[in-house]
Amino acid sequence: MSVVLNFKSHISELFAQALREVAPDAAQIDILIERPKQVSHGDYACNLAMQLARPLRKSPRDIAQALIAALPASDVIEKVEIAGAGFINLFLTKAAKQAIVHAVLHAGACYGHIHLGAGRKLQVEFVSANPTGPLHVGHGRGAAVGDCLCNVLHAAGWNVTREFYYNDAGAQIENLMRSVQLRCKGITPDDPSWPEGGYRGDYIADVARAYMARETVEADDQRTTGKGEVDDEVAIRHFAVAYLRREQDLDLRAFNVEFDVFSLESALYSEGKVEETVGRLIASGHTYEQDDALWLRTTDFGDDKDRVMRKTDGGYTYFVPDVAYHLEKWRRGFVRVINEQGADHHSTITRVRAGLQALDIGIPKGWPDYVLHQMVTVLKNGEEVKISKRAGSYVTLRDLIDEVGCDATRYFLAARHPDSQLVFDIDLAKSKTNDNPVYYIQYAHARISTVLETWGGERLSLLQADFGLLDSEYETALLQLMIDYPQVIESAAQDLAPHLLAFYLKDLAAAFHSYYNASRFLVDDEAVKCARLALIAAAAQVMSNGLALLGVSAPEKM
RNA sequence: GUGCCCAUAGCUCAACCGGAUAGAGCACCAGCCUUCUAAGCUGGGGGUUACAGGUUCGAUUCCUGUUGGGCACACCA
Numbered sequence: 003m004s005v006v007l008n009f010k011s012h013i014s015e016l017f018a019q020a021l022r023e024v025a026p027d028a029a030q031i032d033i034l035i036e037r038p039k040q041v042s043h044g045d046y047a048c049n050l051a052m053q054l055a056r057p058l059r060k061s062p063r064d065i066a067q068a069l070i071a072a073l074p075a076s077d078v079i080e081k082v083e084i085a086g087a088g089f090i091n092l093f094l095t096k097a098a099k100q101a102i103v104h105a106v107l108h109a110g111a112c113y114g115h116i117h118l119g120a121g122r123k124l125q126v127e128f129v130s131a132n133p134t135g136p137l138h139v140g141h142g143r144g145a146a147v148g149d150c151l152c153n154v155l156h157a158a159g160w161n162v163t164r165e166f167y168y169n170d171a172g173a174q175i176e177n178l179m180r181s182v183q184l185r186c187k188g189i190t191p192d193d194p195s196w197p198e199g200g201y202r203g204d205y206i207a208d209v210a211r212a213y214m215a216r217e218t219v220e221a222d223d224q225r226t227t228g229k230g231e232v233d234d235e236v237a238i239r240h241f242a243v244a245y246l247r248r249e250q251d252l253d254l255r256a257f258n259v260e261f262d263v264f265s266l267e268s269a270l271y272s273e274g275k276v277e278e279t280v281g282r283l284i285a286s287g288h289t290y291e292q293d294d295a296l297w298l299r300t301t302d303f304g305d306d307k308d309r310v311m312r313k314t315d316g317g318y319t320y321f322v323p324d325v326a327y328h329l330e331k332w333r334r335g336f337v338r339v340i341n342e343q344g345a346d347h348h349s350t351i352t353r354v355r356a357g358l359q360a361l362d363i364g365i366p367k368g369w370p371d372y373v374l375h376q377m378v379t380v381l382k383n384g385e386e387v388k389i390s391k392r393a394g395s396y397v398t399l400r401d402l403i404d405e406v407g408c409d410a411t412r413y414f415l416a417a418r419h420p421d422s423q424l425v426f427d428i429d430l431a432k433s434k435t436n437d438n439p440v441y442y443i444q445y446a447h448a449r450i451s452t453v454l455e456t457w458g459g460e461r462l463s464l465l466q467a468d469f470g471l472l473d474s475e476y477e478t479a480l481l482q483l484m485i486d487y488p489q490v491i492e493s494a495a496q497d498l499a500p501h502l503l504a505f506y507l508k509d510l511a512a513a514f515h516s517y518y519n520a521s522r523f524l525v526d527d528e529a530v531k532c533a534r535l536a537l538i539a540a541a542a543q544v545m546s547n548g549l550a551l552l553g554v555s556a557p558e559k560m
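Take any residue in the first sequence, count from 1 to its spot, add 2: that is its number in my numbering.
It should be emphasised that the hints constitute simulated quantities derived from the structure, not laboratory data.
All C-beta atoms in this analysis are idealised placements derived from N, C-alpha and C, irrespective of residue type, glycine included.
Please note that the accuracy of each hint is not assured.
[Unchecked claim] Here are the simulated BS3-like pairs of lysine-lysine, each with C-alpha atoms no more than 30 Å apart in a straight line: (1) Lys275 <-> Lys307; (2) Lys39 <-> Lys96; (3) Lys508 <-> Lys531; (4) Lys10 <-> Lys81; (5) Lys60 <-> Lys39; (6) Lys39 <-> Lys508; (7) Lys367 <-> Lys123; (8) Lys10 <-> Lys60; (9) Lys531 <-> Lys382; (10) Lys39 <-> Lys10; (11) Lys275 <-> Lys123; (12) Lys382 <-> Lys10; (13) Lys367 <-> Lys382.
[Claimed, not checked] Simulated DEER-style distance windows between Cβ atoms: (14) Ala29 <-> Ala173: 37 to 43 Å; (15) Glu80 <-> Leu374: 40 to 46 Å; (16) Asn383 <-> Ile31: 28 to 34 Å; (17) Ser11 <-> Glu277: 45 to 51 Å.
Let the sequences and hints guide you as you build the complete structure.
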């Protein structure tokens with residue numbers, strides 16, 4: 003029999019054919035195939051008949067009859083039923099489901115890779131923290147969500163570039179340099195002369211010490227040696243940026259996140275990109291002069307008021323280099339760009355898009371995409387920890403990794419919808435007990451590893467097992483979940499919602515744990531044993547593939 | 001005051017672009033280890049999906065308003 007892997011699209015095509023026959027005029031209607039919540043409603047369901055009821059002016063059940071009669075034959079479908087108000091429920095043959103085991107074992111680490119992106123170039127910009135201090139929990143959420151999103155999009159067939167953009171020249175960097183310089187002179191934040199906005203964290207003293215000691219620091223994108231001269235502001239600025247960038251790189255590495263490209267805001271100025279962008283915006287006719295400033299008519303593109311581009315002092319406002327930066331992204335050939343950032347930056351979306359539209363060079367309206375994550379509140383000892391860079395009191399990403407572990411931290415931060423605010427309870431996550439959902443999934447994987455190790459046979463031989471023996475409700479549930487996996491990747495990629503993967507893996511682990519408790523695998527009957535081992539080996543493969551996308555390890559033992 | 005996001009079990013969160021009886025975990029109650037890992041499993045109680053309207057065969061989902069929480073509202077970045 004033919005092997006079908008994507009049942010949803012297969013069934014969708016069958017209905018498309020039936021639709022052309024039953025209602026040729028309505029052929030453009032969207033065919034939605036869904037997984038019913040109840041087992042008795044079949045493996046897949048279609049609501050097409052109900053959608054057609056109005057245009058055809060017939061009862062849904064009559065239309066369902068006609069659709070079923072026109073449905074082309076398929077050897078993966080066992081039976082088709084009409085239910086409820088006019089749902090068409092489809093049941094797959096056992097053989098069609100059982101074939102998934104072979105498919106998973108055969109594809110191995112590639113199972114779940116789909117061709118949605120068709121190799122097109124896509125860029126995800128995330129974290130993008132300015133080098134003025136250590137990464138905090140909010141950056142951690144960005145790192146976890148962004149990196150997982152990259153992994154998912156890669157699995158979905160996109161050619162993904164991970165990019166980190168930072169400002170190495172603005173007012174905050176000046177502030178940073180000043181704070182380090184004062185520390186070099188032995189002045190501390192409790193001194194009355196300490197500037198209002200100066201950075202007060204202890205790490206500033208570390209930077210100063212290293213600079214005075216003429217240490218050499220090497221970040222992923224730069225390398226500098228401290229000069230040890232208190233009055234050389236350029237050297238201090240350089241050193242401080244490199245030092246803090248290196249700290250961030252170390253944190254990110256410990257968090258299992260790596261970037262392909264680092265972009266500097268200063269480069270946009272030094273390479274003339276900002277000037278060029280301004281020139282183009284003026285030429286396109288969407289700007290005007292008023293009150294000695296240059297304005298962009300962003301209201302032409304949905305903004306609620308126009309924005310200043312060039313201030314009266316001649317400097318540009320922050321969104322101008324942002325537009326220049328995105329123009330560069332466009333020129334670099336990214337069909338799709340996704341910016342993952344904190345929700346506190348949401349006001350830039352309209353301005354950047356408006357600027358790109360104003361350039362009038364054919365950039366699509368909704369380009370680039372944004373994923374904004376809401377704030378993270380940290381709870382420690384039952385109390386909220388206030389985050390303040392200036393005061394130097396906040397929970398760093400490093401603190402979390404050290405206390406909670408990389409796996410759990412990544413899971414916690416990525417397993418929620420980015421749109422909802424997140425409470426990170428350190429004490430809860432720190433307690434190495436069963437409260438931590440990531441252990442639940444890892445435990446399932448470790449259990450399977452142990453069983454396979456105890457068996458000790460050649461795993462490749464499992465490909466020859468008789469999958470027809472996989473018949474129990476537990477086995478069927480596992481089969482169906484493994485069939486769903488590629489669809490989860492597709493949804494997560496399309497909705498830019500990596501948390502779906504985390505929830506899926508919990509379901510998969512739950513199905514396995516139930517199975518584990520209900521039946522034994524290492525039984526005397528050789529055929530049954532091989533079939534069951536093949537099934538759980540496939541389940542472990544899917545868990546391992548999914549955990550890898552989350553950036554979480556899949557341990558053999560726990 | 002204006003704009004964006006959110007509101008689902010006591011707590012932390014799901015719900016496949018409008019579907020069938022709204023689901024998990026934690027906590028609570030009752031069971032399951034001489035067997036491949038009990039970091040597990042099985043069963044139970046717990047809901048007017050913030051509130052009020054509207055759209056239709058059908059709404060947690062879409063629209064309007066109200067309430068409550070978060071964020072952003074400079075010629076700061």
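Looking back at the hints listed earlier, which ones does the structure fail to meet? 9, 12, 13, 14 and 16
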